[in-house]
Every structure is written in C-alpha cells, then in structure tokens.
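Chains as they are written, first to last, in the numbering used here: chain E, 776 to 1008; chain Z, 776 to 1008; chain U, 776 to 1008; chain C, 776 to 1008; chain F, 776 to 1008; chain V, 776 to 1008.
Quick caveat, the hints were computed from the structure, so don't treat them as lab data.
The reader is advised that the hints may include incorrect statements.
If several chains are the same, the list does not tell them apart, and a pair holds so long as it fits within one copy or across any two.
No farther apart than 25 Å at their CA atoms in a straight line, the calculated lysine to any residue pairs in the SDA-like style are these [claimed, not checked]:
id: 1; residue 1: Lys997; residue 2: Ile845
id: 2; residue 1: Lys799; residue 2: Thr957
id: 3; residue 1: Lys882; residue 2: Glu973
id: 4; residue 1: Lys985; residue 2: Val835
Read off the chains here:
Number of protein chains: 6
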Amino acid sequence: MDSAVIDILRKVTTATITTMLLKKGIRRCWMQGPKPLVPSGQRIVGPAFTLRFVPVREDVATPASWSHPISTRAAIEEMPEGVIAIADAMGVPSAGIFGDILCARMKKRGVAALVTDGVLRDRGGILTSALPVWCAGIAAPASVNGLTFVGWQQPIGCGGCAIFPDDIIIVDDDGAVVVPATLTEYAAHEGAEHELYESWVFSEVEKGVKLPGLYPPNEDAKARYAAWRKTRG
Amino acid sequence: MDSAVIDILRKVTTATITTMLLKKGIRRCWMQGPKPLVPSGQRIVGPAFTLRFVPVREDVATPASWSHPISTRAAIEEMPEGVIAIADAMGVPSAGIFGDILCARMKKRGVAALVTDGVLRDRGGILTSALPVWCAGIAAPASVNGLTFVGWQQPIGCGGCAIFPDDIIIVDDDGAVVVPATLTEYAAHEGAEHELYESWVFSEVEKGVKLPGLYPPNEDAKARYAAWRKTRG
Amino acid sequence: MDSAVIDILRKVTTATITTMLLKKGIRRCWMQGPKPLVPSGQRIVGPAFTLRFVPVREDVATPASWSHPISTRAAIEEMPEGVIAIADAMGVPSAGIFGDILCARMKKRGVAALVTDGVLRDRGGILTSALPVWCAGIAAPASVNGLTFVGWQQPIGCGGCAIFPDDIIIVDDDGAVVVPATLTEYAAHEGAEHELYESWVFSEVEKGVKLPGLYPPNEDAKARYAAWRKTRG
Amino acid sequence: MDSAVIDILRKVTTATITTMLLKKGIRRCWMQGPKPLVPSGQRIVGPAFTLRFVPVREDVATPASWSHPISTRAAIEEMPEGVIAIADAMGVPSAGIFGDILCARMKKRGVAALVTDGVLRDRGGILTSALPVWCAGIAAPASVNGLTFVGWQQPIGCGGCAIFPDDIIIVDDDGAVVVPATLTEYAAHEGAEHELYESWVFSEVEKGVKLPGLYPPNEDAKARYAAWRKTRG
Amino acid sequence: MDSAVIDILRKVTTATITTMLLKKGIRRCWMQGPKPLVPSGQRIVGPAFTLRFVPVREDVATPASWSHPISTRAAIEEMPEGVIAIADAMGVPSAGIFGDILCARMKKRGVAALVTDGVLRDRGGILTSALPVWCAGIAAPASVNGLTFVGWQQPIGCGGCAIFPDDIIIVDDDGAVVVPATLTEYAAHEGAEHELYESWVFSEVEKGVKLPGLYPPNEDAKARYAAWRKTRG
Amino acid sequence: MDSAVIDILRKVTTATITTMLLKKGIRRCWMQGPKPLVPSGQRIVGPAFTLRFVPVREDVATPASWSHPISTRAAIEEMPEGVIAIADAMGVPSAGIFGDILCARMKKRGVAALVTDGVLRDRGGILTSALPVWCAGIAAPASVNGLTFVGWQQPIGCGGCAIFPDDIIIVDDDGAVVVPATLTEYAAHEGAEHELYESWVFSEVEKGVKLPGLYPPNEDAKARYAAWRKTRG
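Excised from the complex, chain E in its bound form:
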C-alpha cells in the first residue's frame, strides 16, 4: 500500500474514520474489545495480518501443538514488517493468546502492533517486549487453555467486525478500526479534511460559539470555515 496514504491516516482519529465509513454505509468497522494495554495517545496504521483460533478441544489444543506446522510460532515467522497482526480469539476472556516471548519475537520482526478481541498473558513481560498491543484484557492461562490455533491470512471476525487480509487497521486510544482495502484512499483524504474542519469547530466552541448552526454548519458557518480553510493552504 501507498506509504503516503498510511502517513495521512496516522493523523486521522479512529473516531473520524468511523464517520467517513458511515457515509459509505459501513457501520461495522470499530471492534468491540481491543483497547490499548496502556493508553498512550499513540496511533498506529498498517495492513492486517490475520490469525484465527477456534475453541479448545483437549485432543488438539495441547502444549505439544506448539511444534505443529500450523502453529502461532509458524504464523509469526510469516509476518512481513509493518503489518498489524490481528487475531480472532472469539472474545474468549480466559486464555492469553500470546505472552512475552511471542510478543518479543513479533517486535523483532517489525510487526507494528498486535490486535485481538481476546486477551494476552504476562502483562509485565509484554510491556517489557515493547510490542504495542490492543486487547480485551489479561489472563494468566495460555491459548491452549481455551483456544485452538487453526491458521493465518484467512478472513476472520474480530470484535464483531469482518477482517480480510490486507484491509487497513488503525488503532489509537479509542480502540481499533478496520478500513476495507478499497476505501483506504477515500478514508485518508476525506478523513484528513474532516479533522481540519473539526479542529476549526473546536476553536469556535472555545470562543463561545453555540452548536446549532455551527456543527453541522449552516451557510454562514460554511462560509466562515471556507475563509479560514483558505488560509491553511
């Protein structure tokens, strides 16, 4: 993907992205569950590298399965630099899909962030690994306690959203949003413009302007904004 588009998206809040997608009829783009482990104000953007789990079955989800060709370890070694690894853990709250070691390896490979509707394990170790993570919480048990890993780069569900490989994922303190690959340029350009407009509205509110007629704008407000916008180049 065009890295210039990624650069623009880094300046657009996930809140604005969802409004842009709503204009295209897409309401299911924000994931219920993933939150930054520690809110930091950071925003990260990258193509989705998907991981898929199904529920545990005691004959297949065992520590031994970690050596299997279809394992989370093998998946991690396939991740290109700059991707956002995104895992469908079906929202299971009691099986930490990754801990410090796997997060450290992802960091080493240049993975931009890890996102899941499930949980991670070893909170302290993950913070040490320095991999940015968005998850639904922390649990001590390993993935095999509740989940069976079945593959990567397939379509997945995550937090109530459909995610396809190479969709663009954006994460910030409000959580995680998916932008369909075909709408990325639209979202970047319209989103950036919308951010500019909202920054102007915010400054007007700070001056004491009332909301009706300002947000959404009436003709007068549109004109005032256009004048201000012109000065911004």
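Starting from the structure of chain E, add chains Z, U, C, F and V where the hints point.
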C-alpha cells in the same frame, strides 16, 4: 466412515457420548446453542460438513453476494449425501442463516441435518422443508443482516466446540455433540455397552434399589450386572 | 392507515419484510426478544401504540402507583381498536409487565396484540384472556418489582429497534418487525411480489433444480419466472 | 409444616405470592432460570431440600467422585418425602446435574419436584422418570463436566434468590418462588384472599368494566366486591 | 436546590449515600456502568438534566439528524449552569454519544459533569475539553452508529436506575448515585453524620480495636463515640 | 504450609503456574474477575481463607445482620496471619462486599490480600487501608444491597474456580490463580524451573533467534539450554 459404526451410534444418547469422551479427557464436545427446532425424540448421526461465517460488513454482505462463487448456495451444492451441515454463526441471534428454500435444497441433496449455534429464518417454511434442524432459535432477517459467509470444509467453532471436517456429529433432544474422527469407534462400542449398563441400573432403581453401591456399582452390583449382562448375549 | 395495505402485509412473512427493508438500508427492524407465547402460524399487523418503562425505583414503583394518572391502566384505556401495544421493558427478565387482567382488558378494547422485549406474568391466565402476545418469556413478579411505568405514545426502544408511534408492527412465528410509517406501502407491495417469487423458487427446488442460477436468478431463471408470473395475473 | 397451609398454597399462583411478599418488602423471591421442562398447569409446594455445587475442578470433579460420601447419590438418600430438591448450579448451562437414573430414584423416594438454575441431561429419560422438574434447560454432559458437588442442606443461591433449608418452594408454569419459612402462613392466607379478589376483577373485566377505579379498586368497587365476597362465604 | 445542601453532599461519599437510601428502602440508586474516565478523587454534585436515546434506525439516525430541532446540540443549549447531564444510552458499548466538541460546549455552558451508561468517543479530545465525565468506556463511532436521540428532561433509565429531571446526582471514584429529589436533605444531613461516625471507627481500627461491638457499635462503643462526637461540635 | 515453598512460588508468575497445572489436566485454575485494584507488579502467595455469600434476601440481608454471629465481621476476626481472604460474591457487580473499615481491620490482622469475583466499595478508603486487593471492580452500595453473607472456610466458587480452604492462592498483575493443596510443591519446583527456561528463551529471542525449534525446543535448543542451565547452578 464405517456405516456399522454409524448404526451403533444412532442408539447411543448424546449424554452417554459425553461421558465416554470425558474418560478420554475431552470436556468440550457438547455445543452450547443448537437445539432441535421441535423436540422429537429423533437421533441423527453423520460426518460434519462445515460452513463458516464472519460478522457482517456492509460492503461485502449484500443480497448480491448470494451469486458469488463463495456463497451458501455453492456450499450446499458441494454437500455429499448423509452429511450433517454444521455452521459457525458465532452465536449471532439476529440473522437467520438459512430459510425454507435453502433447507429444502439441502433436504433434496440428502443432507441428514443442519446444525448451527446461530439461528434460522422462516420457522413455518423450514418445518415444511422437512430438513431436521438444530439451532439456537429463529430470527426473521437474512444472514447478510449480521453475517458474511466465507467458506466451507474449514475448521470452525460451533457452540464453544472445535469442529473439523469429517468429525462425527450426533444430535438428539439434548442437543449436538462432536466426536473427534479418531475416537468414533471407541465412542460407539463403549457407549453402547454403557447404555446397556444404565438401562439395567434404571430397572434396579425402579425396583427400589438405593443409589449408593449401585451407581457407581460396588462389587455386589457389578456381579449382579455381569449375571444379567450374560443373559443378554 | 389504509386497511388494504394492512391486508396485503398480513400475507407477507416477517422474513420477507426484513429483506425489503434491507434494500432500503435498514438493518435494525427485527426485535431481539419478542416471540409468540405459543407458536401458532398466525400473523398480525397493526400500528404501534407504545408503552415506556424505566427501571424500578422503590419510592415510585409501588402497587400504589397503579392508581396514578400515568399508569399502565390509564394507558390501556387510551388504546384505539386494532393497534399493537408495544412495550419497552428494557429486556428486564424478572418483572412481568402485564398479567391476565390487563390482557383481558386489552382484548376487550380490541387491541390486536401485545409485544414486548420484557416478560409477562401468569402464563395460564394470559392464554385464557385470548390476547395474542409476543414476549421474551414469563416471570411471576409484577412490573413494579423491576420497572417503573412512565408514559405512552413516546418513541421507545424494543428489542434493539427504535419504535415510533404509528410505525407498523408485524408479528408472526419468527418474531416482531417494525416498518417505518413512510415505508409501509413499499414494504407491502414489494413484499407481496417477493413472496410470489419465493414460492416459485421453492417449487423449483422441490423439482430438483440447483440453487446457483436459480436463487438469485440468472437470465434463464428470470425468464422462466416471468413466464410463470404472467400466468398468475 | 402445617399441611393445611400447604394445601392453601397449592391454590395460589406464584404471581400472587410475589405480590404478597412485595408488600413485606421482599423483591428477590422469584428465581431467574427454573422453568417447567414441559408447561403443564401443575403447581407444586414443599419445603426446600438444598443441594450445592461449585465450579468443576478437574482433580475433584470426576466420575470417581460419584462414590464419595459427599455425593449427589448420598444427598438423594437423605431427602425426606414431600420435599422439593433445589440445586444451586450457579446457572451453569453446559453440565446436566441429574439424568434419568437419579430422577427416577428421587421419584421413588417421594421427592415432590426438582428445581435448579442449572440444567438437566437426558430429556427423554427424565420425562420417563415422571419426576416433575423445573430447570434452565437441557445439556448432554454430566455434572462433573462443569460442576463439583459440595453438600446439602446449606444455604444456597438459586436463580438470584437466597434459599435456606425449610423455606417453602412453590413452582408452577411461571417458574419457581421461595417463601421465607417465617412468612408462609401470611403468604397462604393473604394470597388466597387476593386470588379471590382477582377472580372477581377478571369477571368484571369480562363484563366490560374499565380498569381505572376497578384495579386497584376505588370505594365503589370495594363495596361491590365486598358484597360479592359475602356471597362466597 | 439549596446550595448549602449541595455543599454538604460534596463531602459525603457515594458509598455512604447508598447506605442512607437503603435505610429508606431504596436499593436501586447506584448506576451500573458510569465510571470516571480517569479516577481523580473528585466528587461532583448537581441536579440531573436528562438525555434520552433509543436504538439506531438507519432512516432517522443519520449525520443529517444533527441539524434536527430535537438533537443533542439543541439539548446542550438548554442545559442550565451547574447541572449534571445524564444520558440514557441503554448501555450501548459501540456508539460514542459525545466527543470533544460537544463536551467542550458543555464545559463552556457550565455543565458540572456528564454521566452515561453508554460510551464516549475521542478520549484524548474529551480530556482536553476538561469536562468531567463518568461513562462506561470509549468507542470510536458516533452516536448515530448505534443510537437515535429522542429528547431531554424526560424520565430515563441509566445503569439500571430510574432518573427523573431534578433528582440529585452524585459522582465520585465509586461511580454515580441518584438521590430522589424528596430525599436530598435527609441524605445530606444523615450522610454527613454517618461519615463522621465512620471516620471515628476507622481511627479505632487503626488503634487495633476489633470489629464486633465496634461496627455496628454496642452500648460501650456508642458511649465512646458520643463522647468523641461531643468534642467535634 | 512450608514457607520455603511459598518463597519459591513468589517468584513464579501466575502464567507459568497455569501451564504447570495444565500438564496435570487442570484447566480451571485462573479466576475470571479478580484483578489488582491498581497494577503494581506485586505477587502475593498464601493459603485460602474462604468467605461465602448468597444473593440478597431483604428479610435477612440488612444492616442489622452485621451484628449477627455469622457476619463478615466475625469472619475477619477468625483470619490467621498470612492468609489470602477469598470471597465468593457470585460475580455480583453492584454490591461492594467490603469498604475501608473492614479492609483496614484485615490489614491490621496481617491478612496478606483480599481476592473476590465481586466488587469492593470506597476505592479511596481501600487504597488508604493499604490492604492489597484483587477484585472485579468498585461499586458504592454495601454488600447487603445485593448479597447475604452465610459463612467462612467452606468450599466456594470464585471466578469460575472451585476453592477449598487451604488451597494456595497466587495473585499478580495477570489476576488470581488457585493451586490445589496437593499440587503446591510440584507447582513451585516445576514452575521455578520453567521460569528459568523461559528467561533463557526470551534472551534468545532478543538475540534474533526464530521461534520454531526454540519454543518448544528441538534437540539443538535443548542442548544449548542445558549448557546454559549448568552455568546457573
């Protein structure tokens, strides 16, 4: 699969199957959600033919998608006679994955039953189609209202269980159970023997025998059962 | 509302209605919760007469409140003949909003049906009252055990849908659907046409026709349907 | 307990009981979860015999535990005739606490009914046992799949209510209600009187009388009821 | 309302308020859901200004609706200084009812705090606005993604409590509590007295006094407290 | 219990403990719900002292009950130094089982920590008490608002786990884990060894070693680890 084994399994309750699997350390084999649309006393056994949905995304889950090569329609035409179609609908309660027409086509193709942790639509029409269905309820909206179909014969989750293609599915009034393909013969033979034992215990209870020492049996009860068992050939 | 439109809608399944509304971009029209107390194959259509509850507060939700001018009793006496009374009970499962006496009075006034995302009380008495009810279950305690009644003919939520007075409500064995007042004619006419089409598809499936190319139809199927359709007048 | 009081309570609906207890400030007396396996119009009354489960732990909840002195089997042999066995299964939906054999033994011992916020297993076998059961559903797996039995005749929670041994349990098609032992006589006598009053109200509604002034009654309605009541002896 | 009463309430914890209301039979006064966005030790008190949402319906909940006379914007312009804006968002976790701009406008108007059982959007921007907020979390999408705004200063539900306009709302790190308007003076005066008593108990515990006889107090403890209390004026 | 074993366990993460128990077939050992009130990196180990609540019943769960011989106060006075008090609050989110005073008394008695699947009240006061607490959140109302205390040192459920008096409880930033008393030595010794191994793996990953073959180790990795291990004594 050996049809003789299927024939034996038809006589073993899902309750007994779960006890046999527990002896092998498998606790996650009964699916939370699927129930017979109308309890009928019927038991159906067959290999799993899996269907997979992810959440809706408004740009891909549309009525138009029903003509796509990866569609529920295409999946149905791939189903061999005698299978149990089992759909991972992520427990979504508000999108009916199939209605009367698709059920009628499955019936026509010889599908033994349809099982899902989601819901179906058009209750009356489905009863008319005569396809036996185990589901988590009924909702009027179509699948695309809440789900995107993504493929068939992949590993899936259903009602909290992992299901792999060709696992054996057994359904009766207690719901739906999966038997890992490798444990089918064990479950059939041990299960049938266990059914016989429990029928004898039930008759003892009817005669007024107390539970302690009978169920589980002490040495005396074991001997009495062995004698009775011998008379059964 | 035009009673001819109501007559048409009575022949259109709630499943079909949701598909018609999806074509207009409306996905939130089927209510999660309301189900027929006993499935009967019946379909009922009428304008919404809304009732609104908030949670219980022990100083205001008391048996004494039943004599208050803003009470469920007063609301019932305002219901015109033919309406469907629809109550926002916030899905509370432990407070039966109405019992046999109030249902009997609604029946007497010609109320067509009662719909709620909450529960009713006195199952036997309600069946005796003969008022058709769609609800999320049964609980013994009275409304004041969990709810405070606050008014009628206001906008409400019910089972995850927004309902405005005079929207059209349709209920059948698949549950309850709301049609925005402005879309009623569209839903009736398109819906009736769609039912006809689906009945033809069903008969084709019964003859053994495959789904791809039939449903949705390709050019050939469209032509065959058009020919059949012509014979129906 | 006085069997005359039990006889009166058999004629009072659980709906009325909850209203009587509300007058004493008790709102938590109806259990969320227990429902008749098949609604039959039947009402059963008896003292509580409590059973208590905690979650499964794989080292203690095993088929072997069924021979332990603290087992469901031992508990059943302690149940006096006429009790209602009531089990705290913490609402676990995936472990059937009892099946056909244990239900048959309870029936044999004269247990009046079995009530639980959990589920049972072997639906067909339980119907054969003829023990009346109120539960939250059916699941194939045995109790040890999700629960550990820890004792009987202790205070328990069931469906959100506190139950103490020898409280009175009343079950009918609306579910299960607990009456604190100290309030049993009150609930019986006030309840029976209230039933009489409501039957008169129902007949008035059938005649076309409006609700305001009737239910709750104004002075005129009170007088008319008093006159009618006198004729009933 | 008497500002002296407000001043007293600012020194009473929400924990103590709930105990005072329990003595009046009110158990439903603490809201499930609203929490400080960042715990700060702050306590805020003010009269409720209610806002009401129902679920989204795609034909009415649109960005265009923000210019409608019944809009969140119009409601904000009606808020008097010092109120606590409290929004019934039905606990919807995926639609941020307000973002930075609307919060900034509320701050400008002198709104004391915003409370909701729903979520907000744009975490960073809200912190910048400096409006104190109590909510159930953060989500990127706008209100119209999941909610339809229908009015203000009506009775609402919030976090399982009934809230009427002009009830008093108190928020601190334990969450949000409603005091019925009629009980405000009682809660303030009894509450302040209770705080004093508990501070004495805490100091006794610090000295090593055992709990039984101290909390609740026996005659001796009552006397010791009375003596201490006298010294406080 | 051997204090040397406790000392070893203090150095083993709860994540590692769950993996050791999984090898013994125990998957239900991590509690869903309890989290540190403020994550601090601290790990605490001690024998369980259990507390048990059932749901509220308004006739028995009253402020007056706090003087009853079976009260939380009496239970606290029975707690030996060094125990971890662990309360089965059935996950009730709206009744704070303890506040500042009771926590201060537990601290005074040398209780090592308080763990519950319920919530506490008076967040600020609890932090002042300095008792380490693991809970599912904070709510203003007292225990009697939603719970009835019924006893101590009985088997309980907590966060989906069975806990028996004298089991070992371990808490850290990942939450709370129970070790069956019979497995404590095993868990300590195997766990400490496993920690050592994982620290070596982490250092290997930091050097850029790939996961497959390292974690789980192949023969080569095993040999390299054995060599490194020897140097550690």
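Evaluated hints:
1. Within a single copy, Lys997 and Ile845 get their C-alpha atoms only as close as 56 Å, which misses the 25 Å cut-off; across copies the closest is 22 Å, which meets it.
2. Taking identical chains as interchangeable, the C-alpha atoms of Lys799 and Thr957 lie at most 25 Å apart whether they share a chain (12 Å) or sit on different chains (23 Å).
3. For the homomeric pair Lys882 and Glu973, the shortest alpha-carbon distance between copies (17 Å) is at most 25 Å, but the shortest distance inside one copy (35 Å) is not.
4. In this assembly of identical chains, the alpha carbons of Lys985 and Val835 lie at most 25 Å apart only when taken from different copies (24 Å versus 61 Å within one copy).
When held up to the earlier numbered hints, the structure conflicts with none and fits them all.
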